[in-house]
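Trainee: Letter by letter, the chains look like this.
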Amino acid sequence: MVVDLRKNHYELFGLPVSFRIDGAELDRAYREVQGQVHPDRFAHLSDLEKRVSMQWATRVNEAYRVLRTPLSRACYLLELQGVDPALESNTAMSPEFLMEQMEWREAVADARDSGEVAELEVLQRRIRGEAKALDSGLEDALDRRHALEDGRDLVRRMMFLTKLQHEIDNALEALES
Amino acid sequence: MALLQIAEPGESTAPHQHRLAVGIDLGTTNSLVATVRNGIAVCLQDASGRSMLPSVVRYRADGQVDVGAVAQAAQAKDPRNTIVSVKRFMGRGLKDVAHVETMPYDFLVQDGMVRLRTVQGVKSPVEVSAEILKLLRQRAEESLGGALTGAVITVPAYFDDAQRQATKDAATLAGLNVLRLLNEPTAAAIAYGLDNGSEGIYAIYDLGGGTFDISILKLSRGVFEVLATSGDVALGGDDFDHRLFCWMLDKALIAPPSAEDARRLAMRAREAKESLTVNEEASVVADLASGERVSLVISRDEFVTMTQPLVQKTLGPVRKCLRDAGLGPEDVKGVVMVGGATRMPHVQRAVADFFGQEPLTNLDPDKVVALGAAIQANVLAGNRTADDDWLLLDVIPLSLGLETMGGLVEKVISRNSTIPIARAQDFTTFKDGQTAMAIHVVQGERELVSDCRSLARFELRGIPPMVAGAARIRVSFQVDADGLLSVAARELGSGIEASVVVKPSYGLTDEEVATMLREGYEHAGEDMQARALREQQVEARRALEATQQALTKDGGLLSAIEREAIDQAMAMLANLVETASPAEIKGGIETLGRATDEFAARRMDQSIRAALAGRKVDEIKV
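Chains as they are written, first to last, in this note's numbering: chain A, 34 to 210; chain B, 20 to 641.
One chain only, chain B, in its complex shape:
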């Protein structure tokens, strides 16, 4: 353990060096990248001055990959190889995805996960998303003039572990160092709260292209505390388009359309929806490849009637979220609207009616998430200034548990717990002489395993044979600040251990990511072993430097004997860095970690006491 920057934990070691960091809103419909420039968060634009990148990827027969507007323009021509709204497939099985029957893709399922067969072979949603992220990374590096230290990637607050892991994998694949996965409504709250100096209870109503989130936050003196979050990961602006699309098919009296024509009609549906935001009436005209012509007129009232159930559907999670926060609509001081779909007047009206107040729309609902992510990225990268002394406390959206006898779920961590969090639960064997135990990790609120999402299965083996009920198996869950789960199981008598970072059921395996990185053009020719070595060397040097700094500052907290043990571990690691294998260096870092555990604890303790004492002094002054 370590070596903390106790005095000013957020301060970078080289204060004058500004690290390049970005926030990325990886959206269902559009994606954006933003950064903090001269203290102000701005979205970065492409060469033609557009900040929104359509989240569309086209795999071309000539081996090229188009991303954004170019790909979008080709979608009716080449629907099978042009992937839109890929976010809906992230970390999902086919049965989780709505309207697959009307989608033009050649789906297949691999290890329970959606994959797409394209002209360039089978692609996972992770790979498709990585193409979008690569382009945004490129845009940022060109615009900022250097390599990025890291990025904050936003995810819907209601994303489960599999969807978060898939998003993180996509970023890794795109060559990004992920500083944090940040919940979209929380990102919006940061942008809004810092901009307006708000205090009190705020609701963030975030209706995006494919997902709906509601978060209730308490904003107070530089603290953004998420009290509760809820949502629907399969409800968004796309569904409004789909209703309109179905209405068009119904009214137009045409033969069942081809994939190309269906895509063409879907595009017209979206245009009509957007037009109805400002106009009372929209016309839909489409010339189909079949030679048929569709010409229809729709009024806003008709559109409102056909989509009102979708708007109502968002209010269920809103009610649940308020109940979880222990609040009523009247306690909410302001409702911030996020996501392009909140531009629809009937959505705004429903929210206004529910909360008894007009929602806040003074920040661009398309950009606010990326801007908030950029502000967070700037701070996490180490560019924290005195003005950035704020703290973000987020929660886990869905309960985590284990399968027990009879297919029932035993909850270990309940939803809306503040992260990071760790909980352990003890289990026992139910048969005499049982030497293995299957651990099945699930996520969700229902009582039956079959109604929850399966995250991972693993086995604890080598339990010494005992009579039933004698073994004590402790299963520990740890959720980190990204909302990602790892699980470990241990038999307490024998110390037999098994652990897993949760990703096997969904997402990519580490090997798959490694293989893809190897195959990616960016890393072509680079030997994986060399890469691993370089990474460990960098990490070892950082650990040594941090330890040295800590010793210089707080060496007085150690006795001579304790100091010597740390010096030895440092000398050993310094020696390994130059000569040893990645695994040996890693071992050296771990040894140094253990040698400095106690030192780190004392330093952390010292800083906490100083902070608490500082507060009391302040209070006396006042």
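Chain A extracted, bound-state conformation:
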């Protein structure tokens, strides 16, 4: 089974390798490429051709999924440059950041337990603001300074925020139903 792995996700879509990405351009390229390989184009052909099509369409969806969101895109960029973003590194997270995370988490838990939807929504907006700031930081670290260690630190912060966001989403969902 050879799905063409010589290409990285960026090359697949004909895009430059960088953290900052033109979302509209990515969407357009994704649709062009998926339009060529999608199983709907091969449904009337032989099983061999259907299988190839499914592998490629799967690969194209995966590439799009990874590039679409800043966190997975940043992780992927680090991996392309030989850095494992999840690996425990000697540069530990700053105590201030960890402390802040604990406070956020407690705030979410309190709001959930007392059923304060409005409070959860306020927290959600604040976290979105934080995520935006991290986004700019990543662009600076990865695209301008090529500072991979800084990039990794920011990615790990982003992971904390994403997890927090999920917790808020789940809490809101639980309160609604």
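Here's a subset of chain A near chain B, in silico, CB distances under 7 Å, partners left out:
| hint | residue |
| --- | --- |
| 1 | G47 |
| 2 | G68 |
| 3 | P72 |
Derived DSSO-like pairs: lysine-lysine, alpha-carbon spacing no greater than 30 Å straight-line:
| hint | chain 1 | residue 1 | chain 2 | residue 2 |
| --- | --- | --- | --- | --- |
| 4 | B | K237 | A | K83 |
| 5 | A | K165 | B | K237 |
| 6 | A | K83 | B | K430 |
| 7 | B | K114 | B | K96 |
| 8 | B | K572 | A | K40 |
| 9 | A | K165 | B | K430 |
| 10 | B | K430 | A | K40 |
| 11 | B | K572 | A | K83 |
Source of the hints: derived by calculation from the structure; they are not laboratory data. Because the structure is a prediction, the values reported are computed rather than measured. Beta carbons: idealized from backbone N, C-alpha and C, even for Gly.
Given chain A, put chain B in place with the hints provided.
Mentor: Okay, now just chain B, sitting in the frame of chain A:
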């Protein structure tokens, strides 16, 4: 691997030949079949000019099977053998089905699945559905004057893997080649979007006889992209009937009714519901076999009050779906109403209030799904024309995961991921010397295995003994374009492999389908071995033809050595086709596949580059 029709992938090899393909809406209450004729999607009618086939099947004592209106007319007379709303049982256990206590059937459970004991023996919901599909297939073949190339069958978007698999099995049993399982709201979006040339965010609110779906789609320049979907597979028009039925029992002050009388009252309930859509008041009159007479009057207000909770219940999934899509009600440009139950004025009002706009009802909510499926079937069968250059991107409705320690679920693929999709997850052994690992595949959003649907269990055996935590077992999930899952597990050190196409817990086994096909009247006398041989031969010839075409077109992409390897594999397969067993031919096809893998990759690559380059040229022109 293969041999792609790279230049015009969707174009059929014989351009002038129109392939007969249909879309089938296999509904809880009614089923329809539609096709594209002279570029226009139309529903096919029976001899008396009706396009809707009541989804009712009656097994008669004389061995005949009635389907549709004839069966429906007999339901009060013979409720036990007359199966209505069978879709509610597809891929389900008895505990999943609401109101079983008021149903007149003789249920039993086999391998966790609902079965029905009838005068013609035990029937699975798959077999009952196959009877409906057979009749629609017959109608289509008579109407179109030939054998069908294939069919697109619609399923509720919120159907899980077991329900999808059961639907596909039913189609196979009915002798249909399934081109695709298509989600009902997505089918409606195709029919609506192509008809109206719509762009923007659309919500499809689909309240059918037994299921509720909500899908949010982004329509843009020939792309139908499902952003999120949600729903309730046990909520539909039937539940409105049931509320009314319970009210009738309550008001009529009669003795607990027999199965026959209950069915009679249920029919009156449905009629009253339909009448209340246009009238302020409906009367319910029924003469029961018990000699009692029921005579009641219900106002629309009373009906609205008793069923408002059901309408409210649909709004939970709507909210969830919007949240998953990252959108609010104000982002939605139009709300398309699908399913007969959306005719009820209070349903329309609730949807209008929620979205702050009047919903779109300009397409017949009963037919729009079948029409969309027909349009998709036409394209998939290879009748794609220049006007059909659109792309459909759908999602998986429910997360897929594996059981881990302590009965917890580890999610592998999350809901609303675009299909096809593949993900892998690595696990390890937790005991020294452990040589087997149980893999339990589940579907659902909850954290506990016991709260999710169990799809399959299988075992990876023969893991070389190692200390705990040393083995690396990779479990890979692949969801295809039908939304169906297959799972494979592999120990990475030793390469020991185990895989399963997910169907054991629910649905029929392949052997059961084969046995039923053998027993079916259509294939009576045909030897299964002969059938398997013919199928492999057809597939081998298609593979050879496709390879030849690819070589003619793009042979220049290969070196002489690469070309020779492909020629050899082709010659070998060509030889096998004439003389060998089905298994040997299959092996030959696989060998050819491997020999052409690299060639196929280069061709796919070439077409992608051409497409991307073409886009850039266009942009410069503009």
